[in-house]
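So the sequences go chain by chain: E and W.
Counting in the UniProt record's numbering, the first sequence runs from 1 upward without gaps.
Counting in the UniProt record's numbering, the second sequence runs from 1 upward without gaps.
Quick caveat, the hints were computed from the structure, so don't treat them as lab data.
Being a predicted model, the structure only gives us computed values, none of them experimental.
Cβ atoms here follow ideal geometry from the backbone N, Cα and C, with glycine treated the same way.
Hints may be right or wrong, so weigh each one.
Among chain E residues calculated to face chain W with C-beta under 7 Å, some are [to be verified]:
| hint | residue |
| --- | --- |
| 1 | THR9 |
| 2 | LEU38 |
| 3 | LYS40 |
| 4 | ASN45 |
| 5 | ALA86 |
| 6 | LEU89 |
| 7 | ILE126 |
| 8 | ASP129 |
| 9 | PRO160 |
| 10 | ILE164 |
Some chain W residues close to chain E (C-beta under 8 Å, calculated; not the full set) [what the hints assert, rightly or not]:
| hint | residue |
| --- | --- |
| 11 | GLY22 |
| 12 | ASN45 |
| 13 | GLU93 |
| 14 | VAL96 |
So the chains spell out like this:
2 protein chains.
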Amino acid sequence: MATSEASVTRIMVAVNESTIKGYPHASISSKGAFEWTLQKIVMSNTSGFKLLFLHVQVPDEDGFDHMDSIYASPEDFKSLKSRDRARGLHLLEFFVTRCHEIGVACEAWIKKGDPKEVICHEVRRIQPDLLVLGSRGLGPFQRVFVGTVSEFCVKHAECPVVTIKRRSDETPQDPVDD
Amino acid sequence: MATSEASVTRIMVAVNESTIKGYPHASISSKGAFEWTLQKIVMSNTSGFKLLFLHVQVPDEDGFDHMDSIYASPEDFKSLKSRDRARGLHLLEFFVTRCHEIGVACEAWIKKGDPKEVICHEVRRIQPDLLVLGSRGLGPFQRVFVGTVSEFCVKHAECPVVTIKRRSDETPQDPVDD
Numbered sequence: 001m002a003t004s005e006a007s008v009t010r011i012m013v014a015v016n017e018s019t020i021k022g023y024p025h026a027s028i029s030s031k032g033a034f035e036w037t038l039q040k041i042v043m044s045n046t047s048g049f050k051l052l053f054l055h056v057q058v059p060d061e062d063g064f065d066h067m068d069s070i071y072a073s074p075e076d077f078k079s080l081k082s083r084d085r086a087r088g089l090h091l092l093e094f095f096v097t098r099c100h101e102i103g104v105a106c107e108a109w110i111k112k113g114d115p116k117e118v119i120c121h122e123v124r125r126i127q128p129d130l131l132v133l134g135s136r137g138l139g140p141f142q143r144v145f146v147g148t149v150s151e152f153c154v155k156h157a158e159c160p161v162v163t164i165k166r167r168s169d170e171t172p173q174d175p176v177d178d
Numbered sequence: 001m002a003t004s005e006a007s008v009t010r011i012m013v014a015v016n017e018s019t020i021k022g023y024p025h026a027s028i029s030s031k032g033a034f035e036w037t038l039q040k041i042v043m044s045n046t047s048g049f050k051l052l053f054l055h056v057q058v059p060d061e062d063g064f065d066h067m068d069s070i071y072a073s074p075e076d077f078k079s080l081k082s083r084d085r086a087r088g089l090h091l092l093e094f095f096v097t098r099c100h101e102i103g104v105a106c107e108a109w110i111k112k113g114d115p116k117e118v119i120c121h122e123v124r125r126i127q128p129d130l131l132v133l134g135s136r137g138l139g140p141f142q143r144v145f146v147g148t149v150s151e152f153c154v155k156h157a158e159c160p161v162v163t164i165k166r167r168s169d170e171t172p173q174d175p176v177d178d
């Protein structure tokens with residue numbers, strides 16, 4: 001059954017890099033949120049949905065870590081920026097390629113800033129039908145220190161939000177890792 | 001495309017009666033959550049989903065309100081109970097009929113107790129893939145007095161939860177009404 005653009009459900013999935021493996025690997029919880037969306041919501045109705053992948057990069061407070069000198073030239077700044085961009089694109093490639101294989105329409109883009117603020121801002125701008133977020137499922141004690149993006153977005157995002165907790169068998173030794 | 005039982009997504013929708021119109025009318029937010037599920041998730045993939053309607057009735061603390069005497073006989077209690085049951089069934093009828101018309105499989109049942117506790121208990125028992133809750137979208141000030149079932153379930157239900165806020169054009173004069 002053909003589905004007109006108007007009746008396509010637009011699902012925003014916020015994705016980030018693995019804290020353990022780093023770029024270009026997606027975090028366990030991002031992949032979980034994505035797989036849940038495909039398996040439980042999209043299923044065989046591939047023409048009924050469009051997935052919108054948002055990756056928010058946190059500006060590097062200690063951006064010179066990987067460089068030889070703290071006296072950076074304008075070129076150094078430029079290469080730092082393009083390195084970040086390339087990393088973000090590689091991360092998104094995983095999700096876009098998977099969608100392409102399955103035949104689900106998608107878009108993907110990168111923003112910089114505080115993830116929770118940027119996600120809510122992008123929700124206002126894009127107005128998806130649903131926002132899907134992966135979550136590490138931290139306990140209250142761990143949450144105090146690391147904050148949780150999902151908790152903030154559930155409260156503040158101006159669209160329905162669903163949080164997919166990491167499966168317990170996928171939780172790394174330190175649950176703050178992802 | 002035929003869908004095997006294993007790949008059917010089971011969505012629990014908690015529904016309650018309208019505080020304005022009373023039984024058998026469903027609350028604005030329940031109907032909103034139901035319609036959202038059909039329009040944004042199920043769409044044409046009617047064989048891919050099963051909807052599970054749970055209606056939780058709050059035990060009437062002031063159960064003699066509608067009776068002539070506070071000295072109730074055992075028969076009075078019995079008729080009270082069957083009246084509640086009939087009301088609950090009428091409420092559920094709206095949702096079940098709608099599913100039947102569209103061709104979506106469903107189940108519906110009634111429980112008594114504190115809605116937030118019962119919903120989380122039923123989630124543990126039934127293990128749906130998703131819990132959909134309507135919400136009045138009350139501000140923090142209003143929430144202090146009426147509590148919110150959705151906020152509790154987002155935190156405690158052992159499955160993904162999505163809260164559908166009432167549309168602003170459907171909000172009654174007093175937002176606590178529903």
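Going through the hints against the structure:
1. Against a cut-off of 7 Å between C-beta atoms, the interface hint on THR9 of chain E holds, since the closest Cβ of chain W lies about 5 Å away.
2. With a least beta-carbon distance of about 11 Å to chain W, the hint placing LEU38 of chain E at the interface is violated under the 7 Å criterion.
3. The beta carbon of LYS40 of chain E is positioned within 7 Å of a beta carbon in chain W (closest approach about 5 Å), and the interface hint is therefore held.
4. Interface restraint check for ASN45 of chain E: the shortest CB-CB distance to chain W comes to about 4 Å, inside 7 Å, so the restraint holds.
5. Look at ALA86 of chain E: its Cβ only gets to about 33 Å from chain W, farther than 7 Å, so that hint breaks.
6. Below 7 Å, beta-carbon pairs count as interface contacts, and LEU89 of chain E has none with chain W, the closest being about 29 Å; its hint is therefore violated.
7. For ILE126 of chain E, the interface hint is violated, the least distance from its beta-carbon to any beta-carbon of chain W being 15 Å, above 7 Å.
8. Look at ASP129 of chain E: its Cβ gets to within about 5 Å of chain W, closer than 7 Å, so that hint holds up.
9. Given hint, PRO160 of chain E at the interface with chain W, holds; its Cβ is 5 Å from that chain's nearest Cβ, closer than 7 Å.
10. A least Cβ separation of about 6 Å between ILE164 of chain E and chain W falls short of the 7 Å threshold, and the interface hint therefore holds.
11. Interface hint status for GLY22 of chain W: violated, as the beta-carbon distance to the closest one in chain E is roughly 27 Å, over 8 Å.
12. The restraint placing ASN45 of chain W at the interface with chain E holds, with a minimum CB-CB distance near 4 Å, inside the 8 Å limit.
13. Of the supplied interface hints, the one on GLU93 of chain W is violated, with its beta-carbon coming no nearer than about 26 Å to a beta-carbon of chain E, more than 8 Å.
14. A cut of 8 Å between beta carbons decides the hint on VAL96 of chain W: the least distance to chain E is about 23 Å, and the hint is violated.
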